[in-house]
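These are the residues of each chain, in order.
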Amino acid sequence: MPEVEQPSDSHPTAFLPTADLQILIDRLMDDGFQVVGPTVDQGAIVYDEIRSIQELPRGWTDLQEAGKYRLKRRDDDACFGFVVGPHSWKRFLFPPMAQVASADRVDAAWVMRTPTDDPPRYAFLGVRACELAAIDVQDKVFLRGPYVDPIYKKRREAAFIIAVNCTQAAPTCFCTSMKTGPRCKSGFDLALTEIRDGFLLEIGSQAGRTLADRLPTSPATQPQLEAAEAARHRAVEQITKTLDTTDIRNLLLGNLEHPRWNEVAKRCLSCTNCTMVCPTCFCSSVVEVADLTGDHVERQRQWDSCFNSDFSYMNGGVVRNDISSRYRQWLTHKLASWHDQFGSSGCVGCGRCITWCPVGIDLTEEVAAIRGKKFASISLVQLDGGNQQAPTRSADSSGEAPPPCSA
Amino acid sequence: MLGVTRVDAPAGCDPANPWLALSAVVDEVLAETPGVATYRIRIQDEDAARRFRYRPGQFNMLYLPGLGEIAISISGDPSIASPLPHTIREAGRITQALAKMGTGAPIGLRGPFGTSWPVDDCAGKDVILVAGGIGLAPLRPAIYTLLANRPHFGELTLLYGARTPDDLLYTCEFDDWRKKGLTVFTTVDRATRGWHAHVRPHPGCGQFQFPLEENRGAWTGNVGVVTLLLERLRLGRPRETVLITCGPEIMMWYTTQTARGLGLSETNLWMSWERNMNCAVGLCGHCQFGPKFICKDGPVFRYDRIAPFLEVKSL
Amino acid sequence: MSHEQHVKRECIALELLRTMPLLEALPDRLLAGLVPIAAVEHAEANRVLFKEGAICDRLFFVSDGIVALDMYVPRRDPTRILTVGAGDVLAWSALLSDQRMTCTATVMEDATLVSIAAQPLRQLCEADHEIGFAFMQCMSFALSRRLLATRLQLLDLFSESQPV
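Residue numbers (my numbering), protein chains in the order written: chain A, 1 to 407; chain B, 1001 to 1315; chain C, 2001 to 2164.
In case anyone wonders, no lab produced these hints; they're calculated from the structure.
Treat the numbers as computed from the prediction; the structure is a model and nothing was measured.
Check each hint, because a few of them may be wrong.
As the list claims (entries may be wrong) - Computed beta-carbon distance windows for the label pairs:
1. B:Leu1262 / A:Val236: 56 to 66 Å
2. A:Gln302 / B:Asp1047: 50 to 60 Å
3. A:Gln302 / B:Leu1262: 44 to 54 Å
4. A:Gly343 / C:Thr2079: 50 to 60 Å
Unchecked claim - Once the Cα atoms are required to be at most 20 Å apart in a straight line, the calculated EDC-like pairs of lysine to aspartate or glutamate come out as:
5. B:Lys1125 / B:Asp1304
6. B:Lys1313 / A:Asp295
7. B:Lys1100 / A:Asp295
Every residue, glycine too, gets a C-beta built ideally from N, C-alpha and C.
Model the full structure from these sequences, guided by the hints.
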C-alpha cells in the first residue's frame, strides 16, 4: 500500500518518453507484479492483465453519455486518451467471486477452514483520481471497520498503484462536485500525466521512488511541465455535470417518501448495472457450493446488488418489494447513509452509473429533482411556505437535456 | 454521525477473519411450542466454549454447511457460557433441516454479534418488557440478568402476547420469574387451543406445556393485542421507566407509541429490529435499515435513534 | 332482559368518575351531570353482565377487574374476542345503537364497574349539547382505540411465515 512520501501537490519532476512506458511495465513484471491496465475488449475499454504498451487502448477514446458508451478513434495515439469504462479496480481488490471458507465433514463433525488465498500481486496501471478516491472509500469499508475482509486486505496491501491524471472529461463526469478529481493528489505510488511524447512522473511513495529510479527518466523541462499542466486543465474545463452536495445527507434521508422515488421507478429496470459498474458498491452474498458427496462445502462470496429482488428477503417476504424502494435504497445509501456509516460520501463522481444505465437515469438529476429544482413527468403540488404552486407538467425527462444545477 | 458499535472481539468470530465458523454440535433440543424448539448448542473446542461471552439481545450465525447460515438470538442465561440456547421457529429451508436433524446435528457457529439490551442503564429504574410471539426469546437473557440482580432495579413487568395459548413460550418458567420479582401478564390474539394440526404433549422445560385434559380449550386469560396490557398498566414513575420490546414490527411500533403516550421518555424505549442477515459483520450490505446496519448498530436500537425511519414503508 | 335483579348498585361519587381515564378530560361541570345517572357496581367472577343479542340499557366503564367478551358462531365453540380491563368501556350499543349487545360479557376477575343508564344519558346529551359533545368525543376516542386493537388482532401478526 502506498505511503505518501511527498505533499499531494508537489510538482512532477521527471519525464518518461512514451516508448519507455514498456520499461515500467517490464520492471513491474520483473518484480513479480501482474500488471493490470486498460485494454480494448468487446467494444469497451476494460481492465485486464497487460504485458505490453501495445495492449493499451492507444489512439482510442470513449464517447459517453447517459445510457450510451461507444469507442471512437482519436487522431493521435495517446495511451490514456479516454475516461473510465465499465470495469473498476474493485474487481481485483474485491473479486466478483471468492471463496471465503470451507467445511469438510469428518467423522460426523464439520471441520471449518479458511482457504489458502494466493492472489497475484497487482500493479494497477492507469488509475484515475476518482478511482483513487473509490479505492480509499472501499478501504474504509473493508479495512477500517470493526471487522476486516482478509481477501481485500491481502490484495490491497500488495497492490502497486500507478495513477494517471485525466486530460479530458466525459459529459458524465462530475468528480469536481465530489471533490475527488480530476487531479491525483494522494494514494498512489506513481502518477503519470500524458503529454505528446511521453509522461510527466510524480512520486507518491517510497516504493514509487524506488521504481522511478530504475526508469530512464530525465528531469522535466519547463515546456513539458506547462504542457502537462495544460493537459490536466483540459480535464477540469471539460467537466460540465455537477451534483449539488449541499446538506445532501439530510436532504435524502429527510425525503424518503418523496414522489420522485415512484417516478424514477417507472424508468428504472432494477437491472443492477449501476451497482456492478460502481467502483464503491460492495454488496455481496455468500452462497453454499457443495460437491457431489455433500461432505465438502465451499462458501463462496459473490457480488450481489440491492437492486436484486430478493436482496432484502426476510421471514417469508421481501422488505423492498418494489423498484421504488430499491432505487431509494441505492441512492440514499450511496449519497447519504454512507456519511453516517463511513464518514464520507460513497460516490466519487465517476459517472459510470449514468453511462451504463440502459435507460439513462442520471443520479445528479434525481437529486436535483428531490431538491425541488425540477419536476419531470409528474404533476406535483409543491407547498412552499404556504404558497401553493400550480402543478407543473414538463416534457418527458428522457427527451430533455438536464439544466445545469447551481453549484 | 458514525454509529455506536460495541464490539469486543467476540469469542466466536475473529475480526481479522470473520468468515471462519467454530465447529459446534446441537447438544439437546427442547420442544417449546408447536413449530418452535430451543436448541442448546455446544462449541466443540472446550476452550472456545468456556471463553464464549455474550450480552442479552445478541445473536449468533448458525451454519448448516451446504444450506447456509441463519441469524438466531441467543435465548439463554448469559452467565452460562455453554451450552448456548437458541429458540428457533421452523420456517424456511434451513430451520426445517435443523429441526429434522435434531440432537447431535453438527453445525457451525459465528458470533456473538450485535448490540444488546441496556440492562446496566436500567439500574434504579422500573422496567417493562413487552414481547410478541417468538420475540420473548431474545428478551429472556435480559430477564435472567435482571432477576439475577433484582435489588438493583425497581418494578419489573413482562407483558407477553402470542397468537394462541399454545404459542406462549417458556410458560413453565413464569412462576419462578414471578417469585423472583417479575410481574408477568400474558395475552393471546385468539383464545383457541388445539389450533395446530397435531398437538402432542412433549417436554418443554421438563414438564408438559399443555394443561390437564379437562381444562383444554378453556383459556381464562387475557385476549387481545399486547398493547392493551400496556395501556392498562398504572405506572408509578413513567419518566424513570425503561421499556424494551421485541416482536413483529407493527407490534413494536404501537408498543412504543403507547409508551410515549403513557409518558415514557423516547430515550428509555428500546426495540430489536430485524433485516436480512448474510455476513453479520457489516461487509455485505444486506442488513441495512436506513443508515443503520442491523448487525453492527443493532439489532437493539434506542427508539429516538431510529424514530425517523420507523414509519417509512419498505425501507 | 334487564339484569337489574340481584345487582347491588351504589351511588357514585364524583371522585370515582374522575378516575376513569376515558372521562378524565371532561370538566367537573359535565361529570357532575353524570353523577345522578351513574352507579358503582361490584361484579364477582363468572357473573354475566349481558348476553349477546339481548337488550342492555346501561353503559359500563371498567374501573377494576377483567371482563371477557365472547361471540357465538354456529358450529364453533364460543369465541373469546377480547378481554377488557381498567379504563375500557362496554356495551356502547346501549347508547349508540339499538341496545342489542353484540357480545356476551362475563366477568373473569372480580370487577368494579361504573354503569350509566343509557336512556337518561341520551336525554342528557340531547338537552345539554356541551355535555353531549364532550361525552361523544370520549366515546369516539374509546371506539377508535378499540378499532385499532381489533385491526391489530385481525392482522394476525404472529401467523407463520411461508417456507422458502
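Here's how the hints hold up against the structure:
Distance hint for B:Leu1262 and A:Val236: a CB-CB separation of about 60 Å, consistent with the stated range 56 to 66 Å. The supplied range of 50 to 60 Å is broken by A:Gln302 and B:Asp1047, whose beta-carbon atoms lie about 34 Å from each other. The hint said 44 to 54 Å for the Cβ distance between A:Gln302 and B:Leu1262, and at roughly 48 Å that hint holds. Evaluation of the 50 to 60 Å hint for A:Gly343 and C:Thr2079 yields a pass: the beta carbon distance comes to about 56 Å.
For a cut-off of 20 Å, the pair hint linking B:Lys1125 to B:Asp1304 stands: about 19 Å separates their Cα positions. Restraint check for B:Lys1313 and A:Asp295: not satisfied, since their Cα atoms lie roughly 43 Å apart, outside the 20 Å limit. Simply put, B:Lys1100 and A:Asp295 have alpha-carbon atoms about 18 Å apart, close enough for the 20 Å limit, and the pair holds.
In summary, the structure is inconsistent with hints 2 and 6 from the numbered list given earlier, while agreeing with the others.
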